[in-house]
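Q: Start from the sequences and build out the full structure, keeping to the hints where you can.
Chains as they are written, first to last, in our numbering: chain A, 1 to 364; chain B, 365 to 720.
By construction, these hints were calculated from the structure, which means they are not laboratory data.
Cβ atoms here follow ideal geometry from the backbone N, Cα and C, with glycine treated the same way.
Just to be clear, a hint being listed does not mean it is correct.
To give a feel for the contact side, a few chain B residues facing chain A, derived at Cβ under 10 Å [to be verified]:
hint	residue
1	P465
2	L475
3	A479
4	T591
5	V611
Below, a list of computed lysine to any residue pairs in the SDA-like style, where the Cα atoms sit at most 25 Å apart [claimed, not checked]:
hint	chain 1	residue 1	chain 2	residue 2
6	B	K685	A	E127
7	B	K685	A	G128
8	A	K114	B	L610
9	B	K685	A	N125
10	A	K230	B	N516
11	A	K212	B	A598
12	B	K685	A	N122
13	A	K235	B	R518
14	A	K114	B	A598
15	A	K46	A	R89
16	A	K212	A	K230
17	A	K93	B	L466
18	A	K230	A	G313
19	A	K46	A	Q92
20	A	K114	B	R518
21	A	K230	B	R515
22	A	K235	B	R515
23	A	K93	A	S41
24	A	K114	A	N144
25	A	K111	A	T318
26	A	K111	A	N316
27	A	K230	B	L610
28	B	K685	A	R126
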Amino acid sequence: MMIRMRVLAIGAIFLIIVMLGGCWDSEPDTDRASALVLTVSQASPKEWHWTFYFPNPTVTVSSLSQLKPSNQFYTMGVTASSLDRAYTRVQQKLARDLYLGQLEVIILSSKLTKPEMLRLLNAYNREGVTPKTAYILVGTPPVNDLALVTPQESIPSVYWESYFECHQCQPEYLGHPEWKVWDDMVTPGVSPVVPYGTKAYEMTKIAVYPGKGRPIIYSTQATEGWAYLKGQVAKETLAFETPWGRITLANVHGTAHNQVRPGNGTIDVSTDIHLSVTLAEWGSSVELTPSILKQIEILGERAVLSRCLLSIGEANRTHTDPFGYGRSLWFQHQAPEKLARGGWEPISSQVTVTLQIRSAGSGV
Amino acid sequence: MVTMSVVAGAIYIWPQYIIQTAGINGLWSLFTTAGISLAVLALQIAWVSLTKSTPFAAVVRNTWGVFGMWVVVSMTGILCMTVDAIMLALFGQMLHVFFYPLTPMVVPIILIGLAGIWIAMRSLNTVARNVQFWFPLIILSFGFVLFLSFRNVRFPAALLPSPTIVIPQWLRATLGTWFLYANGAVVASLIPHIRWTRRPRPVLWTALAIGFQTMVLVVVFVTVISTLGPAATAQLQWPMVYVFSLVSVKTFFFKGVGMFVIITWTTALVLYLAVHIYCFSWNVQTMADLSSLVRRWIALGAGIVVTTIAILIPSTISAGKILFGVLNPVDLSWTVGATVLSVIVAWVRHRRRKHS
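A: Printed below as a string of structure tokens:
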């Protein structure tokens, strides 16, 4: 009996070892095409154009010197009606297994409406292996201009991924991973925000999605205001003319605190913004005194405030809420019926900005 | 050991259902279920101490006689085994979706089933030592990944309790959480085996065990809701897996820290199955006065039944339907009904014996 048990146990262990190999899922890298960037734009009313970017397998350290940076990727474009159709088409064309587990950036055309984008993101979410931390960008077609490689890297890497991961590089944190955008899309009371780019290596605006239809592009200043109101300013600079010459405030960063209450047909918000800055540039003949610093601070506060008001004005004009005030109300469960049903209410905002010069200049 | 036997392997699908039914108020349902579970277990312990016997089957025999014992134990056994099978099926489907898309789904199910059977066929000591060894590791790695995912918390405000509580929703969500606590028989049959250092205080220990499980569930609930918000959570099939998949540490050895969770959950599920199958076979052994060798074969048989049911469940959707639509209500009413009745009968007999 014991021997039989032993045989059984050994058999079971053997079976486990064989099955644990997961041979079904392991594929050699040469049989697999691992996409880093996906771009989507409209081809016809029913069909979209999908382009997948793959790192060029022939790029080795020795061949790098002869390659232009743009050759570090090869692309594969197809026209299909849905994400999964596009996978199949690309796989057919490549004769390799398409793998999206390494995807870093998704670039969408600004012509996509909110329902279309939600459909796309839902399909993307249902795919088990796709990383939900991939960044989403929006651009005007042809969006392929935005799919860039970092010129300095020896191993092919996507520019926007490196940029959004770099906390020292961005004036405002604009990077929006897929899961946050999707989350904003399905949560009532907030208009999803996606960074919007027009040119290569330039991302200073946001695309805000209203209830339906195409995104509304906020101006650069309104985008800055949005970042101040959200407390997402990381390393901004402010420059303005004063009686003491041109002043530049650098390393502007800080926090924002909101209080949201339901108003009479409006959303009443009071926001406190606290910023610390470095005084970087001032007239060479000016002798700085505490009272001058105080006045510079007040001028800086005004500059920030005007951007904030511009942003709120833009939101009220376009019936959007990129700040998520409506969502805060919804979470507090005192949301008016209109908001819970995905409607919009005007924002009545009171903003207080406190700006403090931490140091005057750095270095000498 | 009691604490360890309560580790449920099912939290990966968990918050979706109660958020769908009760929204943010799901938290109250969770506490209600924990309360019911605590009451039932206290009653079971009272029952065990009134009859002064172990395991569960012997307790039932002393109260209901031989025929009643077969009815009660087989009913409880069938319910427990079906719940186990659904846990196994859901877990296999989750592994298939996220980690082994090209591997047939039966492979992980059979593997986990085999590992569970293998441990369950050993002696009580081995089962207990295995649980004791793995438990801290499971909790540590789970805590580690949870800690990393706190970075993604966006909406602490989403946790504020709502001023309005809708009673039917609350009750339905309570029902939907029950399967996580449906392991009463296990604890009841293990109670007499705790080596008491001082005065035995089973009620305290059970309360601690249930408290610990509830704490883990509350942490899971809080993490998921404050990361995704209730609207998004209700749309996801695997909210917990989704939240953990968002953890990516760029400077770490590998990108997917979620791997830790998979190891954790697989081990937890193997142990959960092992403890359940062990207790079932032990109960059958006592009922029919069998040798311990036969008990092993019973464990093997029970394990095969569980694995087979798990393989036969065609999809996650049907598994969820069976679990929430059929098993949860049946199991809850059966457990509460049978326990209350049994305690009354046992108490009456106990008093009569005292007087005569």
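Q: Return the numbers of the hints above that this structure violates; sort them in rising order.
A: Violated: none.
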